[in-house]
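K.L.:
The lines below spell out each chain.
Number of protein chains: 2
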Amino acid sequence: MAASLDEKFESLESILAEHLPADVLEKVNLSLRGPGSTNLELSTKAKEMAKKNNFDLQGYQIKIAQKEETRPPRLVRIAAIQNAIQKPTTASVEEQRNAIHQRVDQMLAAAHECQVNIVCLQEAWTMPFAFCTREKYPWVEFAEPAYDGPSTKFLAERAKKYNMVIVSPILERDEEHGDVCWNTAVIISNRGNVIGITRKNHIPRVGDFNESTYYMEGNTGHKVFETDFGRIAVNICYGRHHPQNWLMYGVNGAEIVFNPSATVGALSEPLWSIEARNAAIANSYFAVGINRVGTEAFPNEFTSGDGKPAHKNFGHFYGSSYIASPDGSRTPGLSRIRDGLLVAECDLNLCRQMKDKWGFRMTQRLDLYADSFARAICPDYKMDIIKDPSSKK
Amino acid sequence: MAASLDEKFESLESILAEHLPADVLEKVNLSLRGPGSTNLELSTKAKEMAKKNNFDLQGYQIKIAQKEETRPPRLVRIAAIQNAIQKPTTASVEEQRNAIHQRVDQMLAAAHECQVNIVCLQEAWTMPFAFCTREKYPWVEFAEPAYDGPSTKFLAERAKKYNMVIVSPILERDEEHGDVCWNTAVIISNRGNVIGITRKNHIPRVGDFNESTYYMEGNTGHKVFETDFGRIAVNICYGRHHPQNWLMYGVNGAEIVFNPSATVGALSEPLWSIEARNAAIANSYFAVGINRVGTEAFPNEFTSGDGKPAHKNFGHFYGSSYIASPDGSRTPGLSRIRDGLLVAECDLNLCRQMKDKWGFRMTQRLDLYADSFARAICPDYKMDIIKDPSSKK
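Chains as they are written, first to last, in our numbering: chain G, 129 to 521; chain U, 129 to 521.
Hints may be right or wrong, so weigh each one.
Where chains are identical, the list cannot tell them apart; a pair therefore holds if satisfied intra-copy or between any two copies.
What the hints assert, rightly or not - The list that follows gives simulated cross-link-like pairs (lysine to aspartate or glutamate, EDC-like), each with its CA atoms no further than 16 Å apart: (1) Lys180 - Asp233; (2) Lys215 - Asp499; (3) Lys485 - Asp434; (4) Lys515 - Asp356; (5) Lys520 - Glu354; (6) Lys264 - Asp307; (7) Lys195 - Asp134; (8) Lys289 - Asp233; (9) Lys264 - Asp484.
If you are wondering where the hints come from, they were derived from the structure by calculation, not from laboratory data.
With the rest of the complex left out, here is chain G (with noise of 0.2 Å):
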């Protein structure tokens, strides 16, 4: 079996639709998905949108929650967006991310039509995911400031305009700290001013993923911000694989957890459909996993650490974008190879409704682990091993 599938695997979903019978498909959907998503009807200006700017556009409507006596429903709809670079990574940096902000002007605008409450874009939007190379410049030309950079300012007026949250990750210089740069994402709220800002937890070192060199870990914490369509989080990128990350936004009351991600095939494909949908059922929370799209080529030879020649591309980003409910149903994903929007409707009180029914979060026994993990952190401290008296080894 081949280690990993190629960029003409469009998506599990459409080669299973293409090829079972309907009532198997249906079965099939039930025990890979879950019972909670059902289409939503989106606006045929935005499969218009969708169809013209060649993207991919997807609509469901995740399990409404049930009736409450004393509360309203909170339906809002929540997006994502995937997207490849949209120039050479030779071109100038300026024209790199003006490219790509138009290329995403185009999902807003669709997703307006969708009448989306609250979006989030990929990790570092505004740039080929660069990291690969160990190299500086130009690289980290891409940096910005936070709260008035170009690419807020210029996702703030649509923002306002569309009366949408939007959660955009940037590589962020900070003037005020020596101009160090951070993993992070700037929340813009609906009026087109900045909430405030959330860093990367946890950087990787992993193959091609040489962030340390540029970023060091959030200081930030592990913030919620309220905005009018719900409490949201940003777990950015490499924390979707440290559930105590994902567990502290939810300690913080957040009811959406965005997952702004860079990731590639061979690397960690049979592990994203996993750890979002994870955090979504321990944490009584929506949780919404995004990946970029696209192969990117970079104008100089690196080694990825893994014995193999120098090369030039990073490998294939899969997208595959989806959202998880907090009763453990997930939508379907994007496609692995296109641009794309998920537009996904859902009742905000389902989070407390499943936190009553299952009660994680009452059995959760953190006294036990703050306890647990102070202990683990002692340069003495040796692991809990009952060994066994009758061995001779």
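Based on the hints, put chain U in the right spot on chain G.
P.N.:
What follows is chain U alone, placed relative to chain G:
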């Protein structure tokens, strides 16, 4: 769409194999399970035993680790046994237990033929999962002392005979501490002695799972047992919903964590394939999910806290036991409806190799979470929520 799969649905794997052309099936399986498992040829005798005694038998070789210069491979065969109860719940306690012993004995013999080194049975394997009833008698009479109860004696004899570590999850009667009950796994070495016990850390209060009526949260922490064939731990049933529980077994050095369970379709099936696999990924160890099969009916009617009429059936325990690898791939699942034995050969060296590759332990920031959890449990904790200054809400 129906809310849950019915009992005619044998398994996702069998239905896909039935309907998809070979080349498509290969890609779909790669997408669903990752590249990690290939078929393992099992002994003819074991296959004959499975056929004669009508249980599902499946064997896989899990991606063998790369060759290291300074450590030899550590190949072990691990196994899971899932089964239905064998007698009506109206039969005597001893009759019910003995019938299950006999059934499991058939599968243990087959496991021996498959050269299994470590096998784990399902949660409370000696009894029906009677906690739905909230009745104490006769159900608590299935409880037995961990070190010398009838089921421990029965398994200790087989463990020695077969040179096989057996993990035996039972309802424990703790005579030394006021006759209380616990939900406990007994770790029996391949020489037939009890290495130790470990108890269920998180107790559900969900639907028919009235377990908190019978026993409290476990007081054994996150022990890991050093056996002749590797370091193992046991995360019992509902503990799989808590990633911080899985995490602490990893901190204590587990290479294989078993998750013996009893869970039913309409409640948890969308979660089942996610949680143990996520744990294997996040903690760089092998994780084994084991679930009982069949529908259990009880003599007296009970209600399920869902407003529906009283009834006597628990619902469908959907089996589907599987093994997940630290590289994120997984084996197919056993049948949803038949008893079964799942065997996998793995190289425990893969655990450290995945730690080195992904670096999750290095980047875990347990210091941050020890502090965050300690603060979060304070009665006056305020969630870290950033409000939108422009909001009039």
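K.L.:
Take the hints in turn and mark each one as holding or not.
P.N.:
Structure-based check of each hint:
In this assembly of identical chains, the alpha carbons of lysine 180 and aspartate 233 lie at most 16 Å apart only when taken from the same copy (14 Å versus 64 Å across copies). For the homomeric pair lysine 215 and aspartate 499, neither the shortest alpha-carbon distance inside one copy (51 Å) nor that between copies (44 Å) is at most 16 Å. In this assembly of identical chains, the alpha carbons of lysine 485 and aspartate 434 lie at most 16 Å apart only when taken from different copies (10 Å versus 46 Å within one copy). When the C-alpha separation of lysine 515 and aspartate 356 is checked against a cutoff of 16 Å, the pair qualifies only between copies, where the shortest distance is 10 Å, while the shortest distance within a copy is 55 Å.
Taking the shortest Cα distances, lysine 520 and glutamate 354 sit within 16 Å of each other only across copies (12 Å), while inside one copy they are farther apart (59 Å). Taking the shortest Cα distances, lysine 264 and aspartate 307 sit within 16 Å of each other inside one copy (14 Å), while across copies they are farther apart (67 Å). Taking identical chains as interchangeable, the C-alpha atoms of lysine 195 and aspartate 134 are never at most 16 Å apart, the minima being 44 Å within one chain and 27 Å between chains. In this assembly of identical chains, the alpha carbons of lysine 289 and aspartate 233 lie at most 16 Å apart only when taken from the same copy (12 Å versus 69 Å across copies).
Taking the closest pair of Cα atoms, lysine 264 and aspartate 484 never come within 16 Å of each other, the shortest separation being 49 Å inside a single copy and 26 Å across copies.
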